[in-house]
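Asks: What follows is the residue order along each chain.
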Amino acid sequence: MSRAKTRHGGLVAWGFAAPALLVYLGFLVYPALNSLWFSFTDWDGLSAGYNVVGLDNYTTMVDDPVVAQAAVNNLIWAVVTVVAPVLLGLALAVVLNGKVRGKPVLRLIFYTPAVLPLVSVASIWGWLYNPQYGAINAFLRAIGLDGLAQPWLGQDSTALGATMVAAIWLRVGFPMLLYLAALQSISADLYEAATVDGASRWQQFWHITMPGLRPAHYVVIALSVIESFKVFDLIYAMTYGGPGTATQVMGTWMYFNVFQYNQAGYGTAIAVVITVVAIAVSIPYVRSQTKEHAV
Amino acid sequence: MTSVVPPSVLTDAAVSGPVTSGPRRRAKGGIASTVLTSVAALVWISPLVLLVVTALRPLADFVAQGPLSWPGTFTFQNFADAWDIGNFATTYRNSTVLLILKVPVGVFLSAMLAYALAKLRIRFGAAIMYTVFLGLTIPIYITIVPVFVMARSAGLTDNLIGLIGPYLAFGIPFEVLVLQAFIRQIPDEIIEAAKIDGAGAWRIFLTVVLPLSAPALVTVFILDAVATWNEFLFALILLNSDASKTIPVGLLNFQGQFSNNSTGLAAGILIAVVPILIAYTFLQRWIVGGLTAGASKG
Numbered sequence: 008m009s010r011a012k013t014r015h016g017g018l019v020a021w022g023f024a025a026p027a028l029l030v031y032l033g034f035l036v037y038p039a040l041n042s043l044w045f046s047f048t049d050w051d052g053l054s055a056g057y058n059v060v061g062l063d064n065y066t067t068m069v070d071d072p073v074v075a076q077a078a079v080n081n082l083i084w085a086v087v088t089v090v091a092p093v094l095l096g097l098a099l100a101v102v103l104n105g106k107v108r109g110k111p112v113l114r115l116i117f118y119t120p121a122v123l124p125l126v127s128v129a130s131i132w133g134w135l136y137n138p139q140y141g142a143i144n145a146f147l148r149a150i151g152l153d154g155l156a157q158p159w160l161g162q163d164s165t166a167l168g169a170t171m172v173a174a175i176w177l178r179v180g181f182p183m184l185l186y187l188a189a190l191q192s193i194s195a196d197l198y199e200a201a202t203v204d205g206a207s208r209w210q211q212f213w214h215i216t217m218p219g220l221r222p223a224h225y226v227v228i229a230l231s232v233i234e235s236f237k238v239f240d241l242i243y244a245m246t247y248g249g250p251g252t253a254t255q256v257m258g259t260w261m262y263f264n265v266f267q268y269n270q271a272g273y274g275t276a277i278a279v280v281i282t283v284v285a286i287a288v289s290i291p292y293v294r295s296q297t298k299e300h301a302v
Numbered sequence: 013m014t015s016v017v018p019p020s021v022l023t024d025a026a027v028s029g030p031v032t033s034g035p036r037r038r039a040k041g042g043i044a045s046t047v048l049t050s051v052a053a054l055v056w057i058s059p060l061v062l063l064v065v066t067a068l069r070p071l072a073d074f075v076a077q078g079p080l081s082w083p084g085t086f087t088f089q090n091f092a093d094a095w096d097i098g099n100f101a102t103t104y105r106n107s108t109v110l111l112i113l114k115v116p117v118g119v120f121l122s123a124m125l126a127y128a129l130a131k132l133r134i135r136f137g138a139a140i141m142y143t144v145f146l147g148l149t150i151p152i153y154i155t156i157v158p159v160f161v162m163a164r165s166a167g168l169t170d171n172l173i174g175l176i177g178p179y180l181a182f183g184i185p186f187e188v189l190v191l192q193a194f195i196r197q198i199p200d201e202i203i204e205a206a207k208i209d210g211a212g213a214w215r216i217f218l219t220v221v222l223p224l225s226a227p228a229l230v231t232v233f234i235l236d237a238v239a240t241w242n243e244f245l246f247a248l249i250l251l252n253s254d255a256s257k258t259i260p261v262g263l264l265n266f267q268g269q270f271s272n273n274s275t276g277l278a279a280g281i282l283i284a285v286v287p288i289l290i291a292y293t294f295l296q297r298w299i300v301g302g303l304t305a306g307a308s309k310g
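For the record, the sequence lines run as chains A and B.
So the number in my numbering is just where the residue sits in the first sequence, counting from 1, plus 7.
So the number in my numbering is just where the residue sits in the second sequence, counting from 1, plus 12.
Derived from the structure by calculation, the hints contain no laboratory data.
Treat the numbers as computed from the prediction; the structure is a model and nothing was measured.
The C-beta atom is built at its ideal place from N, Cα and C for all residues, glycine as well.
Be careful, since some hints might not be right.
Selected chain B positions facing chain A (Cβ under 10 Å, derived; list incomplete) [claimed, not checked]: (1) Leu63; (2) Ile97; (3) Phe100; (4) Leu113; (5) Pro151; (6) Leu224; (7) Ala226; (8) Leu229; (9) Val230; (10) Phe233; (11) Asn242; (12) Ala255; (13) Ser271; (14) Leu277; (15) Gly301.
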């Protein structure tokens, strides 16, 4: 494959690569490593100086009940906002790949929430969940379930679930699109042969569709998991981590420590932990992407 | 490893590609599937429909009749009020300026790197790719403290210019991923022919590679524009004054002020999202194609 690559040698190639690499190193890699350094200090984020405190911030995290809660919330968030959209997206893709009228419009609708700014998604759902004027409680009252009307975002028991509903709403479109594309590459002959052999639709799904989607499953799940670790905007704009600390995740708790409580050292330590987990989980995906292309 | 989508159908397969045999194969399931998915689609779109209906009615009408009723009267007054109070003239201008300054530069730099990785003999190519793709997985918040410190020492807090570096850096991994996959598909013979004609690497890049990559460039441009328009966290920490805020940060403020004025809030949310909805409706072919292409090289 590389036989016809130009022989301009390293310098020209590096000339093309350098600008983007410098920006990437300067504004992403360097700040990330710099955060790692701050995480070993007691810096408040404002003063000129700080002390190196070794692993103190990390040991403090072990005793911080909010960190424990945020970690659990991150885990719940990762499981629910990956599994539900992937299953729903798969179901939609399979149905839309069959005989359905108005396919382009349906596909448009299911993906629409994903292009909106997350802050606006938070505003929309905050507005739907409003205890007095919100459409959700109004709907429950209208169908006689007055007892179920409640302050969805205002109580510990429902707040996290309510934010995840908004996340599911906006995340279904992505797996649906990827599965739709993958389904179109499964040969129709396989289904025809199976039909001739008397295989039911259910059998066809398990023995033709699912194996055919294996590469798609991998990409969809890897990207969804990566995305789930980045959660910040939705929580921040919908609940501000509350009520109390009920919906804190690592990203928001990091932010509050740095910008509200002037504990930049501690905040960056929280960010380091979740980033390390995110990278560890994603390394197989990154490696597969590199292998795919590197020749 | 098998691709989800054959690379040659970068922008077509997911969007308008002929659906192979689905229709004939499932003739019986047609009506049930249509009804089922239509109901699901109605549920999915209902928040946005409700938002439009609410934004178009007077607050008194909304309060008297409840959120699920059909309006007694219609008005555009909510939009006028929300536009003024939400400071949208300013946030619109800021978001537009940022988009114009950032997106073309980001796409061009990414295309250069993608070209080097795909077609030039570059040392450590695999290591560069690995490092850059790793950026897809890094959460923004790991960088915000140092980025804030850097912006402050450069005197660029509360300034749109301060956002450009971080925005470029976080856009590069995805753009390079998509573009290098596309540029790799350009036949080497075309590049060789240009070289025999005496073209240097720059001329080949500008007159052969970029024009042939137009579909991928458009896709990446649009996706990057959407991401830039929607970005929240960097804007939140770097921009303080109302005069410099972008749309997502402005909307958050607005949401706080209007929490009990449902019709005004609905109008404000719509003002913030309408450009992106319109752009998406017209450009969805490119967005969808780019997402599937970018994600599919598994």
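Asks: Which constraints among the numbered hints does this structure fail? Numbers only, ascending.
Replies: 2, 3, 4, 6, 7, 8, 9, 10, 12
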